[in-house]
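When the letters of the sequence shown are read in order and numbered with this note's numbering, they come out as residues 12 to 220.
If you are wondering where the hints come from, they were derived from the structure by calculation, not from laboratory data.
All C-beta atoms in this analysis are idealised placements derived from N, C-alpha and C, irrespective of residue type, glycine included.
Check the hints yourself; a few may be wrong.
With a straight-line cut-off of 27 Å between C-alpha atoms, the simulated DSS-like cross-links for lysine-lysine are [to be verified]:
hint, residue 1, residue 2
1, K71, K45
2, K177, K165
3, K199, K45
4, K177, K45
5, K76, K45
6, K167, K199
Across the chosen pairs, the derived CB separations fall in these ranges [stated by the list, open to error]:
hint, residue 1, residue 2, range
7, N123, A60, 34 to 42 Å
8, I96, P24, 29 to 37 Å
9, D63, R155, 17 to 25 Å
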Amino acid sequence: MTYGLNQLLERYPQLQSISNNLEAARDLMVAKAKEGKLFLVAGNGGSSADADHIVGELMKSFVRKRPIDDVFAQRLIGLGGDLGIHIASNLEGAVRAICLSSHQALSTAFMNDVDPALVYAQQVYGYGNSGDLFVGISTSGNARNVLNAALVAKAKGMSVIGLTGKGGGALQAHCDVCLRVPEHETFKVQELHLPIYHWLCIEIEAALW
């Protein structure tokens with residue numbers, strides 16, 4: 012275990028039971044981030060907010076500076092002069108990530124015209140490529156739209172990480188790694204998801220910057 016995981020388990024000892032899966036999720040996400048793969052993240056209700064939160068931590072600096080690539084910075088400066096200097100000085104390194112509940116026009120159109128349970132699956136089909144990563148968050152593990160998206164992700168050759176409660180639900184069967192926190196009540200599951208994804212984002216950031 013890394014120091015970071017030890018620290019997480021000291022604060023949340025109930026996660027000790029899933030420590031191996033935490034490491035596996037960390038290793039998979041770091042590998043995908045290093046390869047420049049796209050992260051697609053989805054959930055419902057509070058888990059939708061968590062999905063948006065995860066993307067926010069991935070797409071900008073979290074706990075450390077993320078300078079952009081020198082070659083790209085020089086290209087900006089060459090094109091824009093002083094403006095290029097300003098942009099290059101303020102842009103931050105990013106892990107490519109999209110929250111699938113953030114597209115209201117697309118989502119409402121698809122739910123109205125086609126099938127609400129496929130709203131995330133449609134986006135995984137449209138955005139995702141082989142080798143990308145789908146992160147599905149469902150406290151029960153049985154959210155139909157998250158499960159359908161996971162199936163499409165696997166069909167496209169993507170990896171899948173699930174964040175669920177203790178039971179894991181139907182989602183766990185379609186995950187490369189399923190983080191089944193040891194709680195059943197929705198709010199208690201969500202309270203453990205947050206420190207997990209904060210830790211994962213810290214680990215990814217440390218590996219890349």
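Evaluated hints:
{"no.": "1", "hint": "K71 / K45", "result": "15 Å, holds"}
{"no.": "2", "hint": "K177 / K165", "result": "23 Å, holds"}
{"no.": "3", "hint": "K199 / K45", "result": "32 Å, violated"}
{"no.": "4", "hint": "K177 / K45", "result": "30 Å, violated"}
{"no.": "5", "hint": "K76 / K45", "result": "17 Å, holds"}
{"no.": "6", "hint": "K167 / K199", "result": "33 Å, violated"}
{"no.": "7", "hint": "N123 / A60: 34 to 42 Å", "result": "23 Å, violated"}
{"no.": "8", "hint": "I96 / P24: 29 to 37 Å", "result": "48 Å, violated"}
{"no.": "9", "hint": "D63 / R155: 17 to 25 Å", "result": "20 Å, holds"}
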